[in-house]
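Trainee: Residue strings, one per chain:
There are 2 protein chains.
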Amino acid sequence: MIERRKPIPIKEAITKVMDYIITGETEYISIVESYGRHLSEDLKATHDVPHFDRSPYDGFAVRALDTELARQNNPIEFEVIDHIGAGTVTNKKVQAFQAVRIMTGAQMPEGSDTVVMLELAKSFDRNGKSFIAVKRPFKTGENVSYRGEDAKKGEVLVTKGTKINPGIQAILATFGYAKVPVAKKPKVGLFATGTELLDVNDELVPGKIRNSNSYMISGQIERAGADVIYFGQLPDDFEMCFDAIKNALHKVDMLVTTGGVSVGDYDYLPGIYQKLGAEVLFNKVAMRPGSVTTVAQKDGKLLFGLSGNPSACYVGFELFTRPIIQTMLFSKKPHLRKEKALLGIDFPKVNPFTRLVRSNVTVSDGRLMVSPSGVDKSNIVMSLAGANALMILPGGTRGFSKGMEVDVFMLEDHTGSEWPW
Amino acid sequence: MIERRKPIPIKEAITKVMDYIITGETEYISIVESYGRHLSEDLKATHDVPHFDRSPYDGFAVRALDTELARQNNPIEFEVIDHIGAGTVTNKKVQAFQAVRIMTGAQMPEGSDTVVMLELAKSFDRNGKSFIAVKRPFKTGENVSYRGEDAKKGEVLVTKGTKINPGIQAILATFGYAKVPVAKKPKVGLFATGTELLDVNDELVPGKIRNSNSYMISGQIERAGADVIYFGQLPDDFEMCFDAIKNALHKVDMLVTTGGVSVGDYDYLPGIYQKLGAEVLFNKVAMRPGSVTTVAQKDGKLLFGLSGNPSACYVGFELFTRPIIQTMLFSKKPHLRKEKALLGIDFPKVNPFTRLVRSNVTVSDGRLMVSPSGVDKSNIVMSLAGANALMILPGGTRGFSKGMEVDVFMLEDHTGSEWPW
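Chain order of the listed sequences is A and B. Take the position in the first sequence, starting the count at 1, then add 1058; the result is the number in the numbering used here. Take the position in the second sequence, starting the count at 1, then add 1058; the result is the number in the numbering used here.
Excised from the complex, chain A in its bound form:
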C-alpha cells in the first residue's frame, strides 16, 4: 500500500515548525573563548567611553584661546610645564601659554582644551626651560576625545543574539566582561538510518555506500551554532529503533534522523513517531529536493525526519532545523538569509514543485549572480561542496532564463533573515 501524503508549501511547513521554538539558556564563559558564540544578553556600556577626556594623538595639550593668533609667520610660544604618558595623569593645571606634553590616549590636563599634534609643534629649549612654537590656531575641542563621546554608561552597544566577532570582543574587554553571557549551544541528537550504509572506515562492498549524511549534518549543526550528539546508525529492527530514539530524546534539545521517512518498506520513522505518540506536523513538503521531509513533535521537542538523500537531507536541515537552533541562540533573524541574484544560466525545465538548487553566489561589479554549483540531480553529493547558496525556483509552468532575478538563500552567512521571508 502506498500512503497518500499531502504536500504543503515550504512557508507553511516552516511556520508549523516555528510553533515549537525553544527558549535558549545562558552560560558564562571566558572572554578568551567567546569568539563565534552568541550573546545571550544585550551588551551594555558599563561606563562612559572614554571615561575621561583624552588625547587621540601624541602632542601638547594647550588652551585653544592662546593659539588664536598663531600663524605661519606669527609662531606663538608655550612653555612645556609637564610631561605625561598614557596611563599617567598630571596634577598641574595648564595656564595661559603653557603646554603639557601628552601621549596618545592620555587624560587631558586640567585647563587644556586642545592638543597640538607633535608634528605641528616645534620644540626648543631656552634658559633651561622647554618650549614649543605653534604656527596655526586650534579650536576648543580640536584633537580631544571627550568623556562619553563614544558611548554613554548604560547604552546598549550590541544586542542579544549577535554572534561575537573580534570587534565585539574588543567591546567586551573595554567594559570589563571577563566572563561573557552567551547562549548555551543547543544539543542536537543525530541518528543515521539505512541498511545500505557503511561507515567511513569500511571498505566498499557491492550495493552499499558509505554514510556521508551523518558527517554532512554534523557540519551543518556546527555551522548553525549547535553541538552534535551522534548516536550512530539505527539498527535495522523496528523495536530497537524505537527504543534508541525514545532514549535519545531525553538527552537532547531536538533530534535529527536521516533516512527512513520515504514510503519504502524499510522506512520505519513514521511508525516510530506513531508509537512514540509524537504529532507529525507534516510529512510532505512541496519542494525538490526534500519533499519527504517529516517533522514531528513529542511534548514540544522536535524530531526532524530528514530524507536519506544527501541533497534533500541538506536542504531539509537548513530550512527547518537551523532556524530552531538559531532561535535558541537568541537570534532575531533565525532563518536563512534571503537575497536577490541574477541567474547566470538558463533553466528551461519546468517543475510543478519549488526547486531549491544547490548554487554558488558570486559578486560581479557589485551585483549578486547565481549559478548551480554542480549537476543538479538530488543524489549528487559533489554539488554540495561548492554550494554557498540555495537558489529558489518557484514551481509552475514555465522555465527560467539567464539574467532573470531569482531569490537565493545564503548558506555561509550569520546575518540571517526575519520571518516572513
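The hints are simulated quantities; they were obtained by calculation from the structure and are not laboratory data. One thing to keep in mind: the hints can contain errors.
One copy or two, either will do: identical chains are not told apart, so a pair holds if it fits within one copy or between any two.
To be verified - Straight line, CA to CA, 25 angstroms or less: simulated DSS-like cross-link-like pairs of lysine-lysine:
id	residue 1	residue 2
1	K1398	K1460
2	K1180	K1342
3	K1102	K1211
4	K1342	K1187
5	K1074	K1064
6	K1150	K1197
7	K1218	K1396
These numbers were taken from a predicted model, which means no experiment stands behind them.
Given chain A, work out where chain B should sit, using these hints.
Mentor: Chain B in isolation, oriented as in the chain A frame:
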C-alpha cells in the same frame, strides 16, 4: 627628535610582507573534527560515484524495451521476481516482462535498465504471484544513476586550501577519508604594549583604559584560521621587552605586537627590531587608520608591529597578517575579498591618505551597498562591532558622494581574493 618616516602605498607594503610567506604543514585529523579546517591536499575521488549502477528512486527495475508500448489505455504487466532493499543485491537477472522491486540507492539488477517509480506502478497479485502494471513507456537509463556518473576515480573534487564545509565533509565520508589531511593551524604569538592598559578584570582608574586590542586581535587570529599564543603585556622596560620578544619568537610562526610603534617616547618596538637584527620592511603606510603599522622580519619570521589604536590595529592585522596566515592554510586567495559596492552616504571630507572605513555591507535588490558602521574616529571601538567590511576611499583631493561605486574588503568571508587586488 621626531623620526622621519616615508609612507609607502598599501599595495607595496603587502607585496613586501608576501615576500616572507611561510609554507604550511599538514596534520591528519578525524573527519569528525574537520569542519572549518583547510584541506592541505587536493581531495580526490577514491572510487567511481556511484560505484555501481543504482536506482535513485523506490520502484521496480525492468527492461525499458518491454515498456515501449505501455500507455494509459494499454497497461503492460510485469511479474515481480525479487525484492531488494538498499544495501542488498539480487542474484536474479531481469528477463522480458519481469520486474525487481528496488529501493532508493540499491544496485540495479542484471538485465534491467530503467526504474518504474513506485507511484507509477500498480501492484496486484494473481495466482499467488506478484505483478505490476505500467501505463507509460520508459527510456533506457531513465531513473538510473550510472556508475561514475557523479565522479570518476582519481578526479579532483575539491582543491587544496579550501575551507571544509558540510558538503565537503559529505564527500570526505563518501571516499573513506576517516582521517583528513588539513593544514596545521599557524601559531601566532601576541603581545600587548602600553602602560595605560588595564586587564579586563581590573577596575578602571584615572588615565587608564582596559586592554581591548589583545582580545580583538585574538578573535581576528581565530577568524583568520590560526591559533593565538598570548604572551601577555610587555613590561615597561626596554631590556625586559627585548628578552620577552626574543624568547617568544622561537615558539611561534609569526609574532604580533599591539602598540609601541608610534613616534612617542614609550614606543620601544623600533629599538627592539634594531637590537634583534630584524629588517624593518616598512614603518609607515599611506593609509588611515594604521599609518604607523610596522612589519619586520628576522630570519624569515615576520614581526607585525600593529598600532595600539584599536581601529588601526584591526586594519593592520587584516591587511598584512591575515594573508600570511591564509597562505599557511594553503589558500590560493589569501587576501581580503575585494568587491564593489554603492556608497550609501556622502563623504565630503578630503584626505590625502587612502582611508579604510569600518563599514557595513548590505545587499539591496541584489546590489552591494556600503555605509560606515559607526562614527569614524580611529579610537572608536564601537564601530568595529558592526563592521563586516572595510570601505576603501582612495586618498586625493576630492570627497565621495552617495551612489558612487567604491571598493570594499569583506571581513566575514572565507573566499578571499587573489593578488594583485
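Trainee: All hints are to be evaluated individually against the structure, with a verdict given for each.
Mentor: Against the structure, the hints come out as follows:
1. Proximity of K1398 and K1460 under a CA criterion of 25 angstroms is satisfied in both settings, with 14 angstroms inside one chain copy and 22 angstroms between copies.
2. With identical chains, the CA atoms of K1180 and K1342 are at most 25 angstroms apart between copies only, with a shortest distance of 22 angstroms across copies and 79 angstroms within one.
3. In this assembly of identical chains, the alpha carbons of K1102 and K1211 lie at most 25 angstroms apart only when taken from the same copy (8 angstroms versus 56 angstroms across copies).
4. Taking the closest pair of Cα atoms, K1342 and K1187 never come within 25 angstroms of each other, the shortest separation being 87 angstroms inside a single copy and 32 angstroms across copies.
5. For the homomeric pair K1074 and K1064, the shortest alpha-carbon distance inside one copy (15 angstroms) is at most 25 angstroms, but the shortest distance between copies (64 angstroms) is not.
6. For the homomeric pair K1150 and K1197, the shortest alpha-carbon distance inside one copy (22 angstroms) is at most 25 angstroms, but the shortest distance between copies (95 angstroms) is not.
7. Only within a single protomer do K1218 and K1396 lie at most 25 angstroms apart by alpha-carbon distance; the minimum there is 22 angstroms, versus 30 angstroms between protomers.
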